[in-house]
Structures are given as structure tokens and as C-alpha cells.
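*Asks:* Listed here are the chains, written in short residue letters.
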Amino acid sequence: MQYHIMFKNLSKSYQSKGAAKTALSDVTLNIPQGEIFCIMGSSGSGKSTLLKILGGMEKPTSGTVYINGANMADYGQQDYDRHRQMAVGYVFQDFNLLEGLTLKENIILPLTLQKVSETEIQKKYADTLRCVDVGYCENNYPEQSSGGEQQRAAICRAIIKSPKLILADEPTGSLDHVNAKAILSTFMDIKERMQTTIVLVTHDAAVASYCDTVVFIENGRVCDTLRKEETAQLFYERIVTVSSKVRGVI
Amino acid sequence: MKNILQRAVRTKAHSSMYIMLTIGIAMFFVYTGLVSNSQMISVMDSIEYTLPVWMTALVCILAVFSFVYYRYLCIYTLDEKMKDYGILVSMGYNQKRISEAFLWIMAKSMLQALLWGLLAGTLIYFIILNILNHVLDMDFHAVPLQGYILVGAVYAAVYLINAASLGNRMNGLEISDMLNYKKLDKSIDYPNLYQNIGFALLAFGLLLLTFKGESYNFASALFPMLSLTASAYCLTMSFSHWFTKIFIRSTPKYHRNLFYISQLRTNYKKYAKLLTGCTIIVIFGLFMMIIDVSLATDDGDHSFEMPYDFTVYMDAVDGDDLKNIEDFESQKGTLLKDTRLVRILDGAIQWEGQEFSRLVHVMPESSYFDLTGKHLGLQNGEIVVLSQIDRNYYDIGTQEENGMEWGFQPPGPVPFLVGGKVYTRTIVKEIWEIVYNIEDQTQRAYIISDEDYEGIVSEAGYDQMKYFISVSSPDSLPTVYERLCEISPVITAKAANLETQAKNKLVVSVLILLAVMLLLFSLVSLILLRINQDISEEKRKYSNLFSVGYTYAQLQGEIRKEMATLFFVPLVLGSFISIMYALLASSRTSLRQVIVTFGVTLLFAAVQYCFYRVATRTLGRQYLN
Ligand SMILES: Nc1ncnc2c1ncn2[C@@H]1O[C@H](COP(=O)(O)OP(=O)(O)O)[C@@H](O)[C@H]1O
Ligand SMILES: [Mg+2]
Chain A
1 MQYHIMFKNL SKSYQSKGAA KTALSDVTLN IPQGEIFCIM GSSGSGKSTL LKILGGMEKP
61 TSGTVYINGA NMADYGQQDY DRHRQMAVGY VFQDFNLLEG LTLKENIILP LTLQKVSETE
121 IQKKYADTLR CVDVGYCENN YPEQSSGGEQ QRAAICRAII KSPKLILADE PTGSLDHVNA
181 KAILSTFMDI KERMQTTIVL VTHDAAVASY CDTVVFIENG RVCDTLRKEE TAQLFYERIV
241 TVSSKVRGVI
Chain B
1 MKNILQRAVR TKAHSSMYIM LTIGIAMFFV YTGLVSNSQM ISVMDSIEYT LPVWMTALVC
61 ILAVFSFVYY RYLCIYTLDE KMKDYGILVS MGYNQKRISE AFLWIMAKSM LQALLWGLLA
121 GTLIYFIILN ILNHVLDMDF HAVPLQGYIL VGAVYAAVYL INAASLGNRM NGLEISDMLN
181 YKKLDKSIDY PNLYQNIGFA LLAFGLLLLT FKGESYNFAS ALFPMLSLTA SAYCLTMSFS
241 HWFTKIFIRS TPKYHRNLFY ISQLRTNYKK YAKLLTGCTI IVIFGLFMMI IDVSLATDDG
301 DHSFEMPYDF TVYMDAVDGD DLKNIEDFES QKGTLLKDTR LVRILDGAIQ WEGQEFSRLV
361 HVMPESSYFD LTGKHLGLQN GEIVVLSQID RNYYDIGTQE ENGMEWGFQP PGPVPFLVGG
421 KVYTRTIVKE IWEIVYNIED QTQRAYIISD EDYEGIVSEA GYDQMKYFIS VSSPDSLPTV
481 YERLCEISPV ITAKAANLET QAKNKLVVSV LILLAVMLLL FSLVSLILLR INQDISEEKR
541 KYSNLFSVGY TYAQLQGEIR KEMATLFFVP LVLGSFISIM YALLASSRTS LRQVIVTFGV
601 TLLFAAVQYC FYRVATRTLG RQYLN
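So the sequences go chain by chain: A and B.
1 is the number of the first residue of the first sequence in the working numbering; add one for each residue after it.
1 is the number of the first residue of the second sequence in the working numbering; add one for each residue after it.
Wrong hints could be hidden among the right ones.
[What the hints assert, rightly or not] 27 Å max Cα-Cα, derived DSSO-like pairs, lysine-lysine:
| hint | chain 1 | residue 1 | chain 2 | residue 2 |
| --- | --- | --- | --- | --- |
| 1 | B | Lys245 | A | Lys115 |
| 2 | A | Lys115 | B | Lys561 |
| 3 | A | Lys8 | A | Lys228 |
| 4 | B | Lys273 | A | Lys17 |
| 5 | B | Lys323 | B | Lys494 |
| 6 | B | Lys273 | B | Lys12 |
| 7 | B | Lys253 | A | Lys115 |
| 8 | B | Lys505 | A | Lys104 |
| 9 | A | Lys59 | A | Lys124 |
| 10 | A | Lys123 | B | Lys245 |
| 11 | B | Lys332 | B | Lys12 |
| 12 | B | Lys273 | A | Lys124 |
| 13 | B | Lys108 | B | Lys245 |
| 14 | A | Lys115 | A | Lys52 |
| 15 | A | Lys21 | B | Lys539 |
| 16 | B | Lys539 | A | Lys17 |
| 17 | B | Lys494 | B | Lys270 |
| 18 | A | Lys21 | A | Lys59 |
| 19 | A | Lys59 | B | Lys83 |
| 20 | B | Lys83 | A | Lys52 |
| 21 | A | Lys104 | B | Lys270 |
| 22 | B | Lys269 | A | Lys104 |
| 23 | B | Lys245 | B | Lys273 |
| 24 | B | Lys539 | B | Lys253 |
| 25 | B | Lys337 | B | Lys539 |
| 26 | B | Lys539 | A | Lys104 |
| 27 | B | Lys83 | B | Lys96 |
| 28 | A | Lys124 | B | Lys12 |
| 29 | B | Lys561 | B | Lys503 |
| 30 | A | Lys104 | B | Lys561 |
| 31 | A | Lys181 | A | Lys104 |
| 32 | A | Lys228 | A | Lys181 |
| 33 | B | Lys494 | A | Lys123 |
| 34 | A | Lys104 | B | Lys245 |
| 35 | B | Lys245 | B | Lys561 |
| 36 | B | Lys269 | B | Lys539 |
| 37 | B | Lys494 | B | Lys505 |
These are calculated hints, taken from the structure and not from any lab test.
The task is simple: from the sequences and hints, build the whole structure.
*Replies:* Below, the structure written as C-alpha cells:
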């Protein structure tokens, strides 16, 4: 079950108020399966844009994205829908749970979009809870839940459909240290159990140090790539050095 | 320095909400003007005697509606600024001063809306009158002074009451409450209670309509309407509560509609007031349209109430008059189908213990025989009351007494006035029958014995006659009329009556159509306004759904569900209520009326459907670009 992603000379520019704004330019990347792949960069550097393109939410201006060798540009509307519905789970900084649904209802929402039977839904929900524990607060509304609970529910919502790819856009950005750490270990756990590829966006070196590969993006360009070969502590120090260097260069 | 404070206190402009308020004021003014115009009242009265009554009821409810709308506007504006005010207060500004400044801002906006509304209202009012005067050749005038006073008073009250409650609300808050102020959850506390009260009021209103009294007055028009409107209020306020229950009953349905349920639990709690407003608008709009169409399609064929084409009134008849009639009949014999010369005196009776002011006809038994060929066999001193109303057409409340059914006066002695002298005779019977021309359906004829009649005539010193003519073909109407004028100056003609009635009918239906258009316009703008207020938040929600895996088609489906709720929940609830009101409130319900009612409802629904389609399309583009 291979799931291999490749970006080739990817560029994206937005048309805002008449002027073109380049968010990504000439990005070439290789994301191996079953890794926690980190994208680091300061805000406005194009991280979210990259994630949106990967998630099938937006299309690149030029360049290609290959998923298992298939060019995404050749996708029809149905393929895009299937990609978003089956293959990708999204996690956001501000959780993006629906405030009118309980945590449980939020979690099973993606399954109700597919033709999944009621028993299957219950079974998958139970499976998901084994990975991430939100069972004790499943009937609470987001408003009544802590940030950590909400983010764990959001992760459940992403993994309940057993996606091949999880895209997490600053998932710890709104959380305190303890909760952030819990979320990261959840991600590592998911990676171990399901061999899911996780692409994680952050500007926090501490978060990046948990990942297998870290890519630095500034002004829409890839500046550097680091692979984790040492302990988290040493990796963290390396990331800090490189990231200040990257910023210094630009 | 002071300038900065002023800028910090200033609220958002919310011009669209104030435009709505202005339109509301203008509408209110136009209606008040029309309802207080005595000429207009008599025109409406001539079409349908209930019209002025429910128009007045409508004005009352519009006043209540303005109050609710303005309250909503104020709270919305204040909620938005509360946190800013908290910051100002925490920096040391005087809380009372800020609340005064806020209320002053609201007062200025209200004044502006009032002035513009009155201006627009005056313009609309005079445009309506001018259209009616020129196109339909009517003669309406009068400045709606009462309108200005009433509108000014009502809106002053609306402002003052709201200002007082807002002032209390602001001054009662701690600084920390203001700083952490979250928009109040506008949902109601006891949705179950609301739901039950709603259904109870609905039943009560329907009950009032079914068992209404025989007389149609302000109360009998207002109370069912008020009860039904209040029920609509309760049902729409608790709408999200009972509507969610429908979806939660079966699991597949529940799962298929998760997002919609989420919207019901959040947005539609917030939208409750909007739905209520829209429902009330639908109730009135639809009801007025039903009236309008049934007026316009009414063929006006009341000829059974007017068996003769002309009635010639002859007071103090002498030999010359009789000679004239003889000549007329011999000259125009071929043009005439039927003529009757009968003796009928004008009399008056007391009504509800007051002076002799209510008119009756007094006729001898022989005249009744001339007209109908029926004998009554009256004794001296007896009266048979003739009510010229078709009992199949009018719903007449009657009572039984001593074996006699009566609807006008109970059996027993009754005094009446003829030629300045009061006579007392005894009512023994009442008959319902169309016998001769009569304009005022409530005017009765007292039939007395011939001997009695001769006695009264000789005491009064004069006799009166009515000469009834039917022509053989409508072409001869002008000729016959011309000749009749030589006999007596007082002639009423059926054709002429119908003509003015038709014109009056047109006046009223134009008025109503205009009003319905205004209502429909305000309904749609109310909905669009609300959608517009939330567009950015909703857009975020939808793009969030997209990332969860919704396809475009599924998102489009969700938008359709939401718009259907906004457009059709008020329609279904409102049309149910107004159909019930239309069918039950009127004294007579014919098949034609039923057809008109449902036809108009369908038409209304079709218009709503078009708006629904437009809204769905537009939002689809907005949310899913
Ligand atoms: N929809 C859009 N329209 C115009 N400009 C955009 C849009 N989305 C992102 N951008 C611009 O693209 C750049 C990259 O944005 P983004 O990927 O969100 O950065 P970040 O690394 O902070 O996630 C920013 O300069 C942003 O202003
Ligand atoms: Mg971002």
C-alpha cells in the first residue's frame, strides 16, 4: 500500500486587487509514505497554500503534483471529490468543528458523506476512540470543551475515514505546551498504527523536532531540508540553527 | 480628545436595517392615512363591510411589529459594541455617559428613519390617491394629519420603551461582564413551553374563528388574528427545537442531515425572530392577496337582490303622477318587461333604545301581494317583518321565540314613526325574501294589514309609492331612464349601482395589490438582509465543510436545505394560518373562495420559489467560488 507524493516545479500565485501575489514558486518536494513530514516557515511564507493544493482544495498555477505517480492535473471533478472525501484528513489550527454538533457528531460527519452503513459508522467510531480518547466528552458541544479536547476531536474527524494522508495546518498553534505535546504523540501513534503520511505545518521548532523530515519554506521557496538522524533534543537544536540561518539569508 | 471618544462610541451604520425601518414607517404611515380617510373607508365599506375593520387591525399589528423590529435592531447594535464600551469603561470613562451617548446615537438614527419614512410615506400616499383620482376618476383628498400624529406617537413610544430597557441593560452590567460580553444567545429558555403555547394558541385562534358571533366588529376581527399571530410567534421562536426532533427520529435521516441539524441548533436559533417576522408578513400578505383576488374575480352578480332595473320614488302621489305613469306604460310598453306600482311609506324605528333613526319601509299587505302573489292574512295591529336578504348567501344569526324565528327584532310590540307620529304594532313573523330593489340590506319592511295602512295614510295626510321597472333588453335602459326622469327626480338604477361598485372594487384591489407588493418586498429584503449579515461566517463554515470532504453537489444541497428553511417555513406556517383565517373569518365560504384561496397561495408560493432559487444560486456562487 504505497502512498507517495511528489511536487515538481510547483507555483501558485493569487490575483489580489489586480496585482499578482506569488505564494509558492518552483517548489519541488518528495514526501515519502508513512512519515511525519514537517513544513516550517514564518507566516505568509506559503505553507498553508502548499497544504491546500495537496488537499485538493486549490489548484496550482503551474507545476505538477504526483500522487502515486498520477498527475493531479489529470483529475476530474469526481477524482478530486474522492481524494478529499477518502484520502485526505484535514486538521486546522482553530479546530474548525461545527458548533452545533457534539464532538461525536463532528467526528462521524465525514462518514455520513460516503455510503457507509450505520453499523459501520459505529464500529469505525469505536476504533477511532481506541487511538484518541475523547469518549468521555463525546456528548459535549465544542463550546463546552477545552482546546485540547477539541483538537483531539478534530484529529478523530480526520482519521475516522482511515485516510492515507493527514494534513495538519499548525495543529498545535492554539494549544498550550502540555496539550501540544499530547497532540504530537497522538500523531506519532497514528503514524505507527496506520502508516499514514502526515504533513504538518508549523513555525515552532519544538514541534518540528518530533517529525521525520523538516522542510524550510521562505517567500514561497524551499530553502533547506533536514532529516532526523539524532535524538529529538539534538534535532531541535539543529532546526533552530537552520531556521535562524534561513531567515537571516532572506 | 472628545472627538476620539465620540468615534469610539459610534456604532456601525447598519444602513440596510435602517432602510427596512424606514420602509416600515412609510408603510405604517400609508396605512394609517388610508384607514383614517373617511372617503376611503366608505369605498371599502361599499365593497365588503369587514374591510375597514381588518385594515385597522392590520395597522395595530404593524405597530407591534415595528416595536419588535426596532428592539431587534437596537440589541443587535448594542451587542456589537458592548465589548468596546467595556474597554472604554475599564479605562475610566463614565458608564452612564457612554450609555447616554449610545442612546443619543440611536435616537438620531431613529429620527432620521422617521423623517425619511414620513416623507416616503407621504409621497406614496399621494401617489396612490392621484392614481386613483386620475385613472379611476375618483375624488379622494384630505391630508392624512392623523397619520402624522399617530406614526410620530407610535415611534416615539417604540423608541422610548426600547431606550429605557437598553439603558437598564447597559447600566446593570459589571465592567468585566462588558469586557467578556458575548452576543446573547437569543434562543428562548423553554422551547417546549413555547411550542405548546404555540399549538394551544393556534387551536384557540381557530376556535375563535369557528365560533364567532353574528356581528363583525373590531374585536372579532382582532382577537383571532392576534391569537394566530401570537401562535406563529411561539411556533417560529421554538422552531429549531421541534424541527430538529423530526430529524433525530431515525438514524439514517439523522446522519444524512448532520450539518443541517448543526445549523438548526445554532443559526436557526438566531434566526427565530427573522422567521417570526417573515411568517407574520406571509400571514398578512397572503390574506390580503386572497381578499384582493376574491374581490377582483367576484363577478358582482347580485341581481337576485335587485330584481328590478329601476326604482322610482314618489312622495305624496297625486293624480298627475298616476297619469304620467299610465302614459309612460302605454308609450314604452314594448321596452318594458315588468312594472309594479306599490305603496310603501318611509318610517323609522328606535334602535337600541335611542331615538327614531333607523329607517324601515311600511307597506300594506296588498302591496306585498302585488309584488309576490302571496297572501299573508294579517290582522289589524300585526306586523310581518320582511328582511330582504338571501339566506343562502348571507349567514344570518337568528333566534327562536314563541315559535317564531327572528333575526332582526323579537316578536312583540314595537313602536315606529311615520309622518311625525308614533304607532305601536306587534311583530308576529319574520320572512326572508328578495322582493324589490333595496340598497341597504339592513333596511327592513314592515308589512301591515291594508286597513291599518289606510289609517296611517289618512293621519299622515300623504301616501308614498315606489314604481319598479324591469326593461326587456339592456339596450333600452337609457331611453327608459330618460323618460322616468320626467316622472320623478329620485330614481335608483341597478346598472349605475353596479358600475360604481365595480369602480370601488378596482380602487380597493389596486390598494391591496400595492400593499401586498410592499409586504412581499419587505419579506424578501428581511431574509436577504439576514443572509448578508452572516455571509462571511457562513462562507467560512462552508469552506470548512469542503475540507472535511463535502463535494460541491453536497454543499449545494446543504445551501438548498438552508434556503428552503428560510423561505418556506414562514410560508408554510403563515399560509396555513392565513388560509384558515380567510376561510373561517368571512361570513360565507363558497367554493369559489376556496379555489381563490388555494390558487393565491400557490401563486404566492411560486413567487417565493423564484426568490428561493435566486438566493440559492447567488449563495452557491458566494460560498463555493
Ligand atoms: N486566497 C488568497 N488570495 C490572495 N492571497 C492569498 C490567498 N491565500 C494566501 N494568500 C497569500 O499567499 C501568501 C501565502 O499564504 P499562506 O500559504 O496562507 O501562508 P502561511 O505560510 O502563513 O500559511 C500570503 O502572502 C497570503 O497573503
Ligand atoms: Mg497558514
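*Asks:* Compare the structure with each hint and give your call.
*Replies:* Against the structure, the hints come out as follows:
Taking the CA atoms of lysine 245(B) and lysine 115(A), the gap is about 24 Å. The hint holds against a cut of 27 Å. Only pairs whose Cα atoms come within 27 Å are accepted, and lysine 115(A) paired with lysine 561(B) is accepted, the gap being roughly 20 Å. Taking the CA atoms of lysine 8(A) and lysine 228(A), the gap is near 23 Å; set against the 27 Å cutoff, the hint holds. Proximity of lysine 273(B) to lysine 17(A) is assessed by CA-CA distance (about 38 Å); at most 27 Å being required, the pair is judged violated.
About 25 Å separates the Cα atoms of lysine 323(B) and lysine 494(B), which keeps this hinted pair within 27 Å; it holds. As the CA atoms of lysine 273(B) and lysine 12(B) are separated by approximately 21 Å, the hinted pair is consistent with the 27 Å bound. Straight-line distance between C-alpha atoms of lysine 253(B) and lysine 115(A) comes to about 13 Å, which keeps the hinted pair within the 27 Å bound. Our distance criterion of 27 Å between C-alpha atoms is broken by lysine 505(B) and lysine 104(A), whose separation comes to about 62 Å.
Distance check on the hinted pair: lysine 59(A) and lysine 124(A) sit about 31 Å apart at the alpha-carbon level, beyond 27 Å; violated. For the proposed pair lysine 123(A) and lysine 245(B), the alpha carbon gap of about 25 Å is at most 27 Å, so the pair holds. As the CA atoms of lysine 332(B) and lysine 12(B) are separated by approximately 80 Å, the hinted pair breaks the 27 Å bound. The hinted pair formed by lysine 273(B) and lysine 124(A) fails the criterion: a straight-line CA distance of about 40 Å is larger than 27 Å.
Restraint check for lysine 108(B) and lysine 245(B): not satisfied, since their Cα atoms lie roughly 44 Å apart, outside the 27 Å limit. Restraint check: the Cα-Cα separation between lysine 115(A) and lysine 52(A) comes to about 25 Å, which is no more than 27 Å; the hinted pair holds. At roughly 23 Å between alpha-carbon atoms, lysine 21(A) and lysine 539(B) fall within 27 Å of each other, so this suggested pair holds. A threshold of 27 Å between alpha carbons decides the hint, and for lysine 539(B) with lysine 17(A) the separation of about 20 Å falls inside it, so the pair holds.
About 58 Å separates the Cα atoms of lysine 494(B) and lysine 270(B), which puts this hinted pair outside 27 Å; it is violated. Proposed proximity of lysine 21(A) and lysine 59(A) is supported: the alpha carbons are some 15 Å apart, at most 27 Å. In summary, the hint linking lysine 59(A) to lysine 83(B) is not supported, as the alpha carbons are separated by about 40 Å, beyond the 27 Å threshold. A hinted pair counts as satisfied when its Cα atoms are at most 27 Å apart, and lysine 83(B) with lysine 52(A) does not qualify at roughly 35 Å.
As the CA atoms of lysine 104(A) and lysine 270(B) are separated by approximately 23 Å, the hinted pair is consistent with the 27 Å bound. The straight-line distance between the Cα atoms of lysine 269(B) and lysine 104(A) is roughly 21 Å, inside the 27 Å bound, and the hint therefore holds. At most 27 Å may separate the alpha-carbon atoms for a hinted pair to count; lysine 245(B) and lysine 273(B) meet this at roughly 20 Å. The hinted pair formed by lysine 539(B) and lysine 253(B) meets the criterion: a straight-line CA distance of about 25 Å does not exceed 27 Å.
Restraint check for lysine 337(B) and lysine 539(B): the C-alpha separation of about 77 Å exceeds 27 Å, so the hint is violated. Between lysine 539(B) and lysine 104(A), the direct Cα distance comes to roughly 23 Å. Compliance with the 27 Å bound is thereby established for this hinted pair. With a C-alpha separation of about 15 Å, the suggested pair lysine 83(B) and lysine 96(B) falls inside the 27 Å cut-off, and the hint holds. For a cut-off of 27 Å, the pair hint linking lysine 124(A) to lysine 12(B) is broken: about 48 Å separates their Cα positions.
As the CA atoms of lysine 561(B) and lysine 503(B) are separated by approximately 45 Å, the hinted pair breaks the 27 Å bound. Only pairs whose Cα atoms come within 27 Å are accepted, and lysine 104(A) paired with lysine 561(B) is accepted, the gap being roughly 23 Å. A C-alpha spacing of about 23 Å is found between lysine 181(A) and lysine 104(A), which places the hinted pair at or below 27 Å, so the restraint holds. This hinted pair checks out: lysine 228(A) and lysine 181(A) have alpha carbons roughly 18 Å apart, not beyond 27 Å.
For the suggested pair lysine 494(B) and lysine 123(A), the alpha carbons sit about 82 Å apart, so the restraint of at most 27 Å is broken. At most 27 Å may separate the alpha-carbon atoms for a hinted pair to count; lysine 104(A) and lysine 245(B) meet this at roughly 18 Å. With a C-alpha separation of about 16 Å, the suggested pairing of lysine 245(B) with lysine 561(B) holds against the 27 Å cut-off. With a C-alpha separation of about 19 Å, the suggested pairing of lysine 269(B) with lysine 539(B) holds against the 27 Å cut-off.
Of the pairs offered as hints, the one joining lysine 494(B) and lysine 505(B) holds, with about 16 Å between alpha carbons and a cut-off of 27 Å not exceeded.
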